[in-house]
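Enquirer: One letter stands for each residue in the lines below.
Number of protein chains: 6
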Amino acid sequence: MTSQTNSPPQASYQSALEHGRAIVARINPSLEKALAEKYDGLFPDFAETLVEFAYGRLYARDGLDLKTRQIATVAALTALGGQTGPQLRVNLEHALAAGAKRRELLEVILQMSVYGGMPAAINAMNIAMQLFEEQDAETA
Amino acid sequence: MTSQTNSPPQASYQSALEHGRAIVARINPSLEKALAEKYDGLFPDFAETLVEFAYGRLYARDGLDLKTRQIATVAALTALGGQTGPQLRVNLEHALAAGAKRRELLEVILQMSVYGGMPAAINAMNIAMQLFEEQDAETA
Amino acid sequence: MTSQTNSPPQASYQSALEHGRAIVARINPSLEKALAEKYDGLFPDFAETLVEFAYGRLYARDGLDLKTRQIATVAALTALGGQTGPQLRVNLEHALAAGAKRRELLEVILQMSVYGGMPAAINAMNIAMQLFEEQDAETA
Amino acid sequence: MTSQTNSPPQASYQSALEHGRAIVARINPSLEKALAEKYDGLFPDFAETLVEFAYGRLYARDGLDLKTRQIATVAALTALGGQTGPQLRVNLEHALAAGAKRRELLEVILQMSVYGGMPAAINAMNIAMQLFEEQDAETA
Amino acid sequence: MTSQTNSPPQASYQSALEHGRAIVARINPSLEKALAEKYDGLFPDFAETLVEFAYGRLYARDGLDLKTRQIATVAALTALGGQTGPQLRVNLEHALAAGAKRRELLEVILQMSVYGGMPAAINAMNIAMQLFEEQDAETA
Amino acid sequence: MTSQTNSPPQASYQSALEHGRAIVARINPSLEKALAEKYDGLFPDFAETLVEFAYGRLYARDGLDLKTRQIATVAALTALGGQTGPQLRVNLEHALAAGAKRRELLEVILQMSVYGGMPAAINAMNIAMQLFEEQDAETA
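Chains as they are written, first to last, in this note's numbering: chain A, 719 to 858; chain B, 719 to 858; chain C, 719 to 858; chain D, 719 to 858; chain E, 719 to 858; chain F, 719 to 858.
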């Protein structure tokens, strides 16, 4: 097994959904339950759909390690411009859980000023700063 | 020196521009000259501005290795939706030069379907496929 | 008259503005007055411009029924990514007034995750959920 | 069965993928095979992922009829601004196959000038016009 | 009359459409006819709608001179990211007709790299360069 | 010196950073210090990078006067759609400091409804109205 593999050794998943759940268990174990509680009343099966598609079909793939995948997601959500602040915040947490360092996440956010423009980067800088402050306050 | 450092050991650059040129020398040595020839007639100093800002001020920073920075750029350009195809193509080449594998780049592009939508990902998939085909044809 | 016609039988409007006002009367009778009170001090004629252009020149056209037009607007505002939350909220109300069911609106929002990405869809899901909760609280 | 149901009577699908394939069979029977031939070499399982997620998990849902879903997709792709021209073209064909009339599609495209701006609408108008001309030339 | 006024002295227009036509006569006299010939078959009244709304309701307003309005439009189309290239090209021509100098337009395009990102600016730089080359070739 | 020149007569700057600081001194003297205090802990050199790139490399250029540059920035931030509200607010202040009248800024915002869509324009209208109200309350 190399660092490019997002499945534990000898894992064999019966479905994309099952594989997605294994990934989510590593970075945010309560995610599916939290999504289901919030959304499944009005949007039946949404939590399952998200886990199956995003994590079971994409993050679960071989060829790119989970940490780099999460850094890439932070990059994309930053470049998209601040309109997806809540999702950026969650994915910063996922990236830390996947092994990224705060410094790496701050750097990738700042770099996005070249591609999404400076306002997009600044919006994401603010979100990261607030998250890290809150994390530090909780553990203080 | 760790993999997080984008400067060679004991390098000391007098300016961001000089530092940017050192980065560009690693991933695309002819970039500044090509930009200057194309743009500096109508946009004086543009090539220098781009190298100073993007590479000297951002890619040159410590805290994230160059390969991961280039993967993040591919992620952002994909999520932005296909309108920046030429820049995606150039940055795929830069990412390969920075040590990324094709497989890693294809994976990060596909993953962006979660964040920028499937059409954005498909546009980027097409650009990567065409680039790799052309590269293979050249070396065949 | 088929369901594709957005004008009452034998209506003949002297101007696009007049036609737009007839449409607005069906889905949000106080809209122009509310816009004028809020904006016309600093943006003279804005309310009239919006009614004339959006409703008189576009929604008023034959060829697509008003309910489907409003569902299409909800789709577009969702895909654009959450930055237009207030307008999405208003247009969800207009869509209900034009005969759309809540279920239809929730479905079209969720579907947009394919085109605008999952963060865009989730932002819109949140807005719709909040609106419907408030509506239910008011009528409770 | 009402028009809101996207499943044939008494259908019971074992999986989202199977359900997605049933939808695709109605609007573009060769889609999965064409995607697989084009993309699965470099992006293994992409065709299956798209059919499972977009069609099996979203278009397949009850609560909104397939024709309105396709009109909503045309609206979104138009509002996103012309960067997703190829996907707009394919989805115009899907919308026609799902029962939408050309006039309805032209109307929804034009309406998007309110939400995505006039340039976005004009780009989509051009794509629809070209598609319809080509269709007419083929059947002439 | 100051430079902030977009109406000739003592002009009194009966309608926004008439006022829009007077503006268009100054920057692109054949615009409405060209739009009508291209689009009015499939999109009845589109040319008239565009002239009434964009020029009669917005560009026609007092408070900002026409040249600055056109420079602002070039800025916006650049920042939106290259997906509206054809519209950028037309509006560069309109800006020149409204009195802007090439140098001013090149500068505003380059400046947009701060707000829309460098790829967006570079796409617009390419479009402006091509337009000016073609103009020079025609007059050579 | 014409109005197109953004440098005082006989100015000679040793670096882009120095030139950027001279521009910032005219429109927002405390900007770099405020940015440094807020961001330089987590994002070392960010304040300097922004002043060097945005103001020293772009706003500082000849060929377009500072007031028109700031109006163009307001146009771009409006068209980008409301996701960059805080940056729009700051740049409205910069535009006023560069000599733009409120009326001009309101007009350019409204005009953007053609290019970025009406929701984008309305979001920016709201931000400008709130800023001007707060300014008036402070000076009352």
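Don't read these hints as lab results, they were simulated from the structure. Certain hints may be false.
Pairs count within a copy or across copies, as identical chains cannot be separated in the list.
[Unchecked claim] In silico SDA-like cross-links for lysine to any residue, where the CA-CA straight-line distance does not exceed 25 angstroms:
| hint | residue 1 | residue 2 |
| --- | --- | --- |
| 1 | K819 | D783 |
| 2 | K785 | L735 |
| 3 | K756 | P727 |
| 4 | K819 | E755 |
| 5 | K819 | L735 |
| 6 | K751 | N844 |
| 7 | K785 | Y731 |
Enquirer: Would you mind marking each hint as holding or not holding in the structure?
Expert: Status of each hint after checking the structure:
| no. | hint | in the structure |
| --- | --- | --- |
| 1 | K819 / D783 | both (15 angstroms within a copy, 12 angstroms between copies) |
| 2 | K785 / L735 | within (20 angstroms within a copy, 29 angstroms between copies) |
| 3 | K756 / P727 | neither (34 angstroms within a copy, 31 angstroms between copies) |
| 4 | K819 / E755 | between (30 angstroms within a copy, 23 angstroms between copies) |
| 5 | K819 / L735 | neither (28 angstroms within a copy, 28 angstroms between copies) |
| 6 | K751 / N844 | between (28 angstroms within a copy, 17 angstroms between copies) |
| 7 | K785 / Y731 | within (21 angstroms within a copy, 31 angstroms between copies) |
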